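With the sequences and hints as input, model every part of the structure.
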Amino acid sequence: MTEEIKEPKRRRGIYLLPNLFTTAALFAGFYAIVASIGGRFEAAGIAIFVAMFMDGADGRIARLTNTQSDFGVEYDSLSDMVAFGLAPALVVYIWSLSSLGKLGWLAAFIYTAAAALRLARFNTQSESSDKAYFQGLPSPPAAALIAALVWLGSDYGVKGEDIAYLTFILTLGAGLLMVSNVRYYSFKDIDLKGKVPFVALLLLVLIIVFVSIDPPIILFTMAVTYALSGFLITLFQLRKRRAERKTALKGGDGPDKNT
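Its first residue numbered 4, the sequence shown is counted upward by one per residue in our numbering.
To be clear, the hints were calculated from the coordinates, so they are not data collected in a lab.
Among the hints, a few may not be true.
To be verified - Lysine-lysine pairs mimicking BS3-like chemistry, simulated, CA-CA at most 25 Å apart:
| # | residue 1 | residue 2 |
| --- | --- | --- |
| 1 | Lys-134 | Lys-198 |
| 2 | Lys-191 | Lys-243 |
| 3 | Lys-134 | Lys-253 |
| 4 | Lys-198 | Lys-243 |
| 5 | Lys-243 | Lys-253 |
| 6 | Lys-105 | Lys-162 |
This structure is a prediction, so every number in the text was calculated from the model and none was measured.
Structure follows, in structure tokens:
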């Protein structure tokens, strides 16, 4: 009689380390909502940036430790929806948009819905899309625009209702950019495993020092710069494609030497 070979049972469970960072991002997003309800808008803005850091770390850690999983992908997406979709919308609504009445909560809802659509599109296109670029403004930088504005206004004593229409335009614009076809650099081709020149570490230290000079202003400027950079990248790629098409057409219309 032949002995039956039993396959080893797979251990059920989830990877702890990357999901801890995802949970921390989710907690920070939830705390931002609670802080804004209590009128602590500076803390709310900072909490969203903490969520951004945790969200960026969980994926990197999962890849470095080879602990990627379908559960982690889905959990990260749900965490992003709370931290970068719902939390910024509620924070900016309580701080500023509520003074506009129906117009204000409609802008907050459009932002929230756009974040959900952006995440759904990313999840369905992640395998086939170009890894070097995002299609549409990613939800963390969109949340950074909102969070930095709230943090900046709170830090400098600017009341949200005084700049309600500016906030309305920024919130609506961030939402529309998330579902647009504007392309943004993803920074995913940066190799964290390999060695880097010593000057790269020095540059990182200088960036940290630069941000610490005035965090809300610097972070808001960086968020706006990234949001606008997508238009330049998209324009450059469109011109490059047109030039390639013209070159191909010229090559195809050339005389046939064999005739």
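Item checked: Structure versus earlier hints, numbers of those that do not hold, lowest first -> Violated hints (numbers, rising): 3, 4; every other hint is consistent with the structure.
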